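Which chain is which? The protein sequence lines are A and B, in order. The numbers in the UniProt record's numbering rise by one with no breaks, and the one at position 101 of the first sequence is 101. The numbers in the UniProt record's numbering rise by one with no breaks, and the one at position 92 of the second sequence is 92.
A portion of the hints provided could be inaccurate.
Okay, derived cross-link-like pairs now, DSS-like style, lysine-lysine, Cα gap no bigger than 25 Å in a straight line [to be verified]:
# : chain 1 : residue 1 : chain 2 : residue 2
1 : B       : 530       : A       : 40
2 : A       : 115       : A       : 182
3 : B       : 522       : A       : 82
Pairwise CB distance ranges (calculated) [to be verified]:
#  : chain 1 : residue 1 : chain 2 : residue 2 : range
4  : A       : 42        : B       : 546       : 24 to 32 Å
5  : A       : 141       : B       : 222       : 34 to 42 Å
6  : B       : 472       : A       : 149       : 44 to 52 Å
7  : A       : 111       : B       : 580       : 48 to 56 Å
8  : B       : 548       : A       : 60        : 51 to 59 Å
9  : A       : 42        : B       : 515       : 22 to 30 Å
10 : B       : 224       : A       : 60        : 39 to 47 Å
11 : A       : 115       : B       : 350       : 27 to 35 Å
12 : B       : 353       : A       : 105       : 23 to 31 Å
13 : B       : 548       : A       : 42        : 23 to 31 Å
14 : B       : 276       : A       : 149       : 22 to 30 Å
15 : B       : 536       : A       : 63        : 38 to 46 Å
16 : A       : 169       : B       : 560       : 55 to 63 Å
17 : B       : 515       : A       : 143       : 33 to 41 Å
I should point out that these hints are in silico values taken from the structure, not numbers from a laboratory. All values derive from a computational prediction rather than experimental measurement. We put the beta carbon where it would ideally sit given N, CA and C, even for glycine.
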Amino acid sequence: MAARGPAGTRGGSTRFAQFKLVLLGESAVGKVSLVLRFVKDQFDDFRESTIGAAFLTQTISLDDNTTVKFEIWDTAGQERYKSLAPMYYRNANCAVVVYDITQASSLDKAKQWVKELQRQANENIIIALAGNKLDLVTSHPDKRAIQTADAEAYAREAGLLFFETSAKTSENVRELFTSIAKKLPLDQAGPRNPRAGGRGGVELRSEAPGTNASGPCAC
Amino acid sequence: MGTSTNFSSPASHSHDRVHATTDQTPAVQATSENGTSDSMTGDRSNDASQPAGDNQPSISSSKGDHDREDDQRPPLPPRPSLLQADLPTTSSAGTKRPALQARPTTAISSVDIQTLSFPDGTRGTFSTPATRSVSESVSISGASGGQSTPSRKGRGGSEFDDTTSLMSYAPTLRANGDLASLLDDGLSSQSPAWKLLSSQAESMNPFEKVGYEDLSLLNFDHEFEEIDAVDQKGGNEEEVLLQWKSKFKHYLILSSAGKPIYSRHGDQNLINGYIGIIQTIISFFQGAKDPLTGFTAGKTRFVVSTDGPLYFVAISKLGESDAQLRAQLEALYMQILSTLTLPTLTQLFTNRPNTDLRGPLEGTETLLSSLADSFTRGSPSALLSALECLKIRKSQRHVINNTLLKARTEKLLYGLIVAGGRLVSVVRPKRHSLHPSDLQLIFNMLFEAGSVQAGGGENWIPVCLPGFNNRGYLYMYVSFLNAFDDGVNSDEPASTAHNASRGDEIAILLISADKESFFELKQMRDDVVKQLEKNGSMDIIKTAIRQGRPSTTDIVSGTQLKHFLYKSRANVQFTMPSFSPHFSSLLARRRGLTKHAD
Chain A
1 MAARGPAGTR GGSTRFAQFK LVLLGESAVG KVSLVLRFVK DQFDDFREST IGAAFLTQTI
61 SLDDNTTVKF EIWDTAGQER YKSLAPMYYR NANCAVVVYD ITQASSLDKA KQWVKELQRQ
121 ANENIIIALA GNKLDLVTSH PDKRAIQTAD AEAYAREAGL LFFETSAKTS ENVRELFTSI
181 AKKLPLDQAG PRNPRAGGRG GVELRSEAPG TNASGPCAC
Chain B
1 MGTSTNFSSP ASHSHDRVHA TTDQTPAVQA TSENGTSDSM TGDRSNDASQ PAGDNQPSIS
61 SSKGDHDRED DQRPPLPPRP SLLQADLPTT SSAGTKRPAL QARPTTAISS VDIQTLSFPD
121 GTRGTFSTPA TRSVSESVSI SGASGGQSTP SRKGRGGSEF DDTTSLMSYA PTLRANGDLA
181 SLLDDGLSSQ SPAWKLLSSQ AESMNPFEKV GYEDLSLLNF DHEFEEIDAV DQKGGNEEEV
241 LLQWKSKFKH YLILSSAGKP IYSRHGDQNL INGYIGIIQT IISFFQGAKD PLTGFTAGKT
301 RFVVSTDGPL YFVAISKLGE SDAQLRAQLE ALYMQILSTL TLPTLTQLFT NRPNTDLRGP
361 LEGTETLLSS LADSFTRGSP SALLSALECL KIRKSQRHVI NNTLLKARTE KLLYGLIVAG
421 GRLVSVVRPK RHSLHPSDLQ LIFNMLFEAG SVQAGGGENW IPVCLPGFNN RGYLYMYVSF
481 LNAFDDGVNS DEPASTAHNA SRGDEIAILL ISADKESFFE LKQMRDDVVK QLEKNGSMDI
541 IKTAIRQGRP STTDIVSGTQ LKHFLYKSRA NVQFTMPSFS PHFSSLLARR RGLTKHAD
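Work out the full structure: start from the sequences and follow the hints.
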């Protein structure tokens, strides 16, 4: 990637960028597990369904002077939440669409999400396809319902990043997010684009002037 | 909603009232029973706004009959239009419920439900149990003439009746002489508490008594274990069935078309047959314009409740009253509404009467189950349909309330700080109160079912609060603060706290009607947390959590009193001492609460 100007804040030669990432996919494919592995390096074998959506952040360093902060929206996979999805992928810079490699139907659902994202979301959104639960087929190869080659071919065709991951063993989890980060345009502003109804721009809060006055710029 | 200008913080008065009671006049609970109500009167005069009857603590040893009526009979917070007149809980904290209030769900009934006239149930193969059916039938015939759902009417009626049932026990029986033969063994076995009540001598200790007499709860420790799945060949079917039958409590939810929706225990294959049977039975009575409200088989009580297109069945061997079971079913119904909203539910069944509701409800089974299990374990909050507040000083709470009020944003509807399922503070628009049944759903979601906390991070949850408005969603921002991690960093909120138990977490809940207001509420949360830490309130809350509930002997040293529940009806709040040492086990707790309930 050619050297580009940093987004966000610049301090010396380091650059820092912040991006909005949304996770989509059928329920029970392991979206929460992927995120928790990435953000907290935790894994629980048993997990209840997500209710609503969860918001988490994680910062990774791409190299010595590039830091990327992900603002992650982890959405619930159930059908009834579908109408809320646009709220989460609107203005998203990147998306991870997850399927379960042991469930054939989950890839179909993933393809629907990809289609919707390509139609409705940001034009430049970076989409990664993640086939989760790799650990299950490592021990029982007959459990695999979706061949790697098939999913890979689809991903190439649709212009997606592609990984088979295991939140349980953490295989490829970090790689997934790192490769997304590398593909993101670090020279553009992060997710601070107009976020309808959200905060943005200058915050005119009563405390702000006072605290800022003695801020680092004074030195 | 343009409510931001008239926010109030009711918690500052109301909550502290209860605490004042516990803090300053501990003698109340211990003594009132024997009529030494001096201390009580004194306390009451501090607080003239409370109706006199409401101050009566209800004590688990079984004498204060009228206390029990007042405070313990908890039909789940009703939908108001029906009960406004007689149920003070609806006018919580002195505010009227808003007009957009949930309408009675009968509006969606696809079946035309007639008033109940199920007289004694001793027809066909069903025998009706003792006291319950008696009160049920009496109340129902007394209250007939309306067109509300049988469940509600039944509940309202039996509630009334139960209040007098203790006193008028024998006469009531006589009045229904045709049932007498059924009662003899039903009486002694149905509820250990009845037995105690009738045989109790002054000196007797009710708890110990139950301890060795009541062997029926021996397997209660296994109540919440999962049942094995039937294996593919069906080889273990019998064994699984035995496990299923050994449960003390079952909840079944099905559609009026007979589609299974939810069962607490057992998978689809196992329960399908039973669903079919129960649907046939219910439909039979529906068809005869004589809806079934309940029946008894052996020591097992079945209670049926119909809400629009849904049938709810509670099956209990725990000796709970019909009113209690009905309230529990109502809560499950509220949980379903909370997921779907009433219009959606209605629409689903209007369009396709044989809709399979499991799809739309996918993922909420855990919420239903945790709710059901809290009833089975014995939840004081559900029992009293009231909420518990964290015990802190009035001045301290005042500071916290003000912090919330000061930080509130325009989009905020309700703001709550909750610690371990106990309310610390709440701000709300002046004209909207928070309904206890709604709070029950929220607390269940956050503190009983683990999914929200386990997800880590902050949450944005669409939720319908049926007590507030069953027609639409509100959006709830939830952030758990890791109370016992001293390095709480306001930038990186809350995570799965494996060290502290789930129940001890501090959560900040901010509810808005605007689904786009996440970041606004998140900002508010950051401000609130920062401010609470700055003014020392966070430490106060943490300390209060660590201290837990006081034991009865902390309140009155040397007292014989082992446990009590005290509900202030005016505030829709209750307080109680610690369950330990007497009720630390699940079983002992269940028994203790059965006492309260009876």
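Looking at the structure, which of the earlier hints fail to hold?
8 and 14
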